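This is what each chain is made of:
Number of protein chains: 2
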Amino acid sequence: MHPLVQHISFLQVAYCSMPAVTTKRKVLVTGGAGYIGSHAVVELVEGGYECVVVDNLSNSSYESLARVQVSTQKYIPFYQVDLVDRQALEQVFRDHREIDCVIHFAGLKAVGESAHIPLKYYQNNVNGTLVLLELMEKFHVWKLVFSSSATVYGDYTRYPGMLQVPEECPLQPTNPYGHTKCTIEDILRDVYASVPSTAPWSFAILRYFNPIGAHPSGLIGEDPIGIPNNLLPFMAQVAVGRRKQLSVFGNDYDTRDGTPIRDYIHVVDLAKGHVAALQYLQKNGQVCREWNLGTGRGSTVLEMYVAFKKACGIDIPMEIVGRRPGDVPLLVAKADKAKCDLEWHTELDIRQACEDLWRWVTKNPFGYSQRGVVSTVCNPGIYDTRLVTLGHGSKFQVVFGNIGASIVDIRVDGQSVVLDGGASAGNYAGATIGRYANRIMGGSFTLDKNYVLSTNDGPNTNHSSISSYHTKRFLGPLVKTPSRGIFVAEYVLLDEQPTEFESDVLVNVIYSVDVESKTLDIQYSAILVRGGATAINLTNHTYFNLNKVNSESLQGTEIRVATNSFLKGNIISKADIATFHEGEPTILGKNMPSFDHCFVLSESALLDSTKSELYPILRASHPESHVNLEVLTTEPSFQLYTGDSLNGLFPPRSGFAVEPGRYVDAVNNDRWKEAVTLAPGNIYRSRIVYRFS
Amino acid sequence: MHPLVQHISFLQVAYCSMPAVTTKRKVLVTGGAGYIGSHAVVELVEGGYECVVVDNLSNSSYESLARVQVSTQKYIPFYQVDLVDRQALEQVFRDHREIDCVIHFAGLKAVGESAHIPLKYYQNNVNGTLVLLELMEKFHVWKLVFSSSATVYGDYTRYPGMLQVPEECPLQPTNPYGHTKCTIEDILRDVYASVPSTAPWSFAILRYFNPIGAHPSGLIGEDPIGIPNNLLPFMAQVAVGRRKQLSVFGNDYDTRDGTPIRDYIHVVDLAKGHVAALQYLQKNGQVCREWNLGTGRGSTVLEMYVAFKKACGIDIPMEIVGRRPGDVPLLVAKADKAKCDLEWHTELDIRQACEDLWRWVTKNPFGYSQRGVVSTVCNPGIYDTRLVTLGHGSKFQVVFGNIGASIVDIRVDGQSVVLDGGASAGNYAGATIGRYANRIMGGSFTLDKNYVLSTNDGPNTNHSSISSYHTKRFLGPLVKTPSRGIFVAEYVLLDEQPTEFESDVLVNVIYSVDVESKTLDIQYSAILVRGGATAINLTNHTYFNLNKVNSESLQGTEIRVATNSFLKGNIISKADIATFHEGEPTILGKNMPSFDHCFVLSESALLDSTKSELYPILRASHPESHVNLEVLTTEPSFQLYTGDSLNGLFPPRSGFAVEPGRYVDAVNNDRWKEAVTLAPGNIYRSRIVYRFS
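Residue numbers (the working numbering), protein chains in the order written: chain A, 1 to 693; chain B, 1 to 693.
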């Protein structure tokens, strides 16, 4: 399935089906990159909320949010901030004055670890919450949904005959983690009780039982660091071969099969519970209530073992070992209160949870980590300029950045062969060019109506002028490694109002890196999501310098092209350049020859833009570096530019660009116009391949 | 009684009775300036501990510690630091690496207030403790005595028949203040349980019942801000007329007289409980235990009312009003555990507490605040350069600083008339001069043995050279306002080893400011506390410029002196200077006349140094400013210095000094030596008066 189509089905977001923008509210999600947090972000975005995420990434990966952004096509501002860093957290509230509610997931959560480093747990969980509440007060944000835990009850079997624990059960946590949750609950109740009128606090305290499973998309799930503490992730790691066997801690409890009973809740159900709680707070004003989020049904460890084995179809080695200190026999929610108040109930069962978990672990056997993929943030705070390297440490590696979905660097056998624009908005180098690459003569065109664009090239509009994609933040990438040495990074841009092109377009850029063949394959696709037919023409604007290790100049580069025909207005002329059929290649000198030509392959190729047949259009090499480049494309033309003026950002002729695309100014030519017109229901596609040797 | 003698009796510190320095350990006391903290500091110092105090002074006064320092003659390093200010608190640990134990009083403590501003209570109490514990861990300080509260029990009458609450009673606090104490207890227990071997934590959790009373000295006591929450301080304020009448909240409880029963414990007993707990930790290694600190006996509100009325001998208006929400009928300690473990029990009863409280409030009707007295800190962190102004806002005000017990400023009708040395160690201006003021010829003298001093005046030692008091930190001041317009500030210096004078001397400087007569009276006294007889001669080194508002120079100052006889070695000569009997005063010109003479009054006056008869020795005035100065003293001689060389700190002749004292170099003259010899059991005294008009 085409990834774009896959995403459309994921969210049912497509042309004409966009929900009306009504009472969208902004939600700050602390710990939103974590297991439950990331699932809640998906549900919030699907529910029409805007999310801002704060996470210190101490036990989570930004990758989860990159995936959610690509899936939902929504930008989610992210701050790598620890809640106890008051100044940094305050900046988040300053940047997002319209935050209406906080969903507070952030916190350390390992019971066992909490017994070893309790101070860190109190500092992180309790003090983090205090700082958060103080800032909420300061910025008049009064609604908070808090991640508590069934751990606060302790061993409720101290009350004989109690099978499901109700919210009213006295709290008696038995470990520091539980104490921190209990203390935070006390704080919330005390704060709520403190101010009857002036500060309209509203708190939902959600006590989770045992969250399991993963998003059905297989894109996000639990990615525990080190040895998993919980049954399901452990079993999953045994199933994929990362652990040897499962240990079941005790089968001599007073339960139906002797193993402890827990209330396992699908993480998607749990995430939906947060949206329900948020809506409850928005509807009911000042409240402070506790809700169990559980199914009300218990499963034994052995029942889960059987269910998971069935879901994955693999036999999982298991042995019964002694009881683990602190484990209670029974922990099942009385779930009525949430059902009644929040009009929420669980919809997914453990079979679905096991299947979804298995999908997640088989697609992501090492969680969010992938060998050969490295992400770094160049601008701390916001991942606008996150750099992702595919093929890291191999003979062919490519670095991408979010602004312009840019190619920041390509290294062939360790040699950088492109100009690095710094992943910034200042120049075209490496960037995706759209909505309409190359020139629109006279800065205007007519489709269903007449469009007048800003001009930036005398009377013409080049590369869409102020609407150019090289300054836009693409979402993602969603990175996959379908097989060894193959890396795929997918960026998404919802190119929407305000834009001089008026209609909204969803653009998908998929980069595939094949280390073995040293190939970078770029696939563009786009659909219209709002408004009338629009003009479109996408390309990539990398400047190549195949001898960059030795020289700042492209001097000495030998090129041949598929054709020496180029467009001069509507007239086809011949350029003085070597084609594939000639004996000697054209050698680019210090100042000459100079090209800024739109070479054309054939007019017939142009008309069938759904075809994915690749043509080689240019071959280049340099005798000093011995690097060869072949450019292939599905496109009927390509602009060749020898970089004679690079706006002072680079010396003149320090690189050449090959920009495949539809015919220049096609939108103003009746014969070619259809190829650059994206109409409702259609999909625009194009493909460019850089192959090195 | 002479204040010095009073202090000696206070601490039984006198010659030969000093305890041997054995296992003194350094204790960090957080909140050590507060009610209970300051009493604990007294007991710790008396118990041979060194104290370092941290307090944010949000609900306390540094005055309490100044008084404790004067009383105990011990310097107590003080930091105005909030515990949540990690950096500042870390500096305290850096400055005092040998801290062995922390006694942790710091915290907000008003139950009612905690219900209004719970976040502040959690932030201050819980987070403050977390930061403290983290730093203790970092600096390997493992012992902590924690101020908890009986509030953690909540209403233990929920258990029928329980008359005294034991430590094992389940905790169920009913207000945010109680929650913070309970949370901190949880933290301590969790931290203790976390590390069996590597971090040898040791915690004493002390649950206070109702502390009352004050130190029997009347110097320190409770000084609540605003309307007192507690019974005794409220009654006391009614007794001194600050409040109209006492409200008793409910007399319909099921108790012997219908009013609630509490376990009132004398604050001195409570303070001693902390020393006992500290010793327990030092003796028993790794422990974490809770102890009630109470008497085990309950008194009703009405019983306390009667007891306090009896102690103060004043009828206190009272009315019974309705119950106060949250009050429980009974809160009495089961006190056995502390008695058994800590070998501590209460020794003082409510009669003594009421008497001590009454002494405190009658001596300090407005607590540590005194009208006309203002303290400021010029160097935040340590009060080394605290400035205290007496007669603030009146026509005669004097500013004092701790270094050198210096006169920093004197203002007569708003005009400053002295040179300000900046309360720093760099110069003599305004400072107390000792151990031996003026010159010791040849830099040596002989008493029971020969002493050789550093020289700083050619072959001579002037103002004790490197041992001079102008660089020493005096403790205090203890400030009193015995009557309207009279202010007394008392500084103490334990001038001890290492010193070139060898023996240790306790020096007392009492400044009395009389606003009406514009008089500053200085009384010096000193006793020997260790070693053989020593040489002593004390004076003050203020530089006067009576026309300072108009000129940097003393030019035009008219002076007369009591005598024109001055000492030149052993020879008495006559100086060319006007005496009281002559027609015209001597007028000090821009450069002339120049004096640096030791004028002598009479040899007979010299020999009886215990007499306190004052002689006028100098009168000065300036025709431009109309300020007149008369200097009187008990001393037989005075150095007059026209400031012809002021070491570059001030322009030459910008002020003149009058330094009354024993004869110059008396220690090297057999006839005069006795007057400058301080032998065991003797008291050195002298007095100087500056009177302005």
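Keep in mind that the hints are not guaranteed to be accurate.
The list cannot tell twin chains apart, which means a pair is met if one copy fits it or any two copies do.
As a list, the in silico DSS-like pairs of lysine-lysine whose alpha-carbon atoms are at most 30 Å apart [unchecked claim]:
#, residue 1, residue 2
1, Lys120, Lys283
2, Lys138, Lys26
3, Lys283, Lys334
4, Lys120, Lys138
5, Lys673, Lys568
6, Lys309, Lys568
Please keep in mind that the hints were generated in silico from the structure rather than gathered at the bench.
A quick note: this is a predicted structure, and the numbers were derived from the prediction, not measured.
Results for each hint:
no. : hint            : in the structure
1   : Lys120 x Lys283 : between (36 Å within a copy, 29 Å between copies)
2   : Lys138 x Lys26  : within (17 Å within a copy, 41 Å between copies)
3   : Lys283 x Lys334 : within (24 Å within a copy, 50 Å between copies)
4   : Lys120 x Lys138 : both (26 Å within a copy, 13 Å between copies)
5   : Lys673 x Lys568 : within (17 Å within a copy, 117 Å between copies)
6   : Lys309 x Lys568 : neither (67 Å within a copy, 110 Å between copies)
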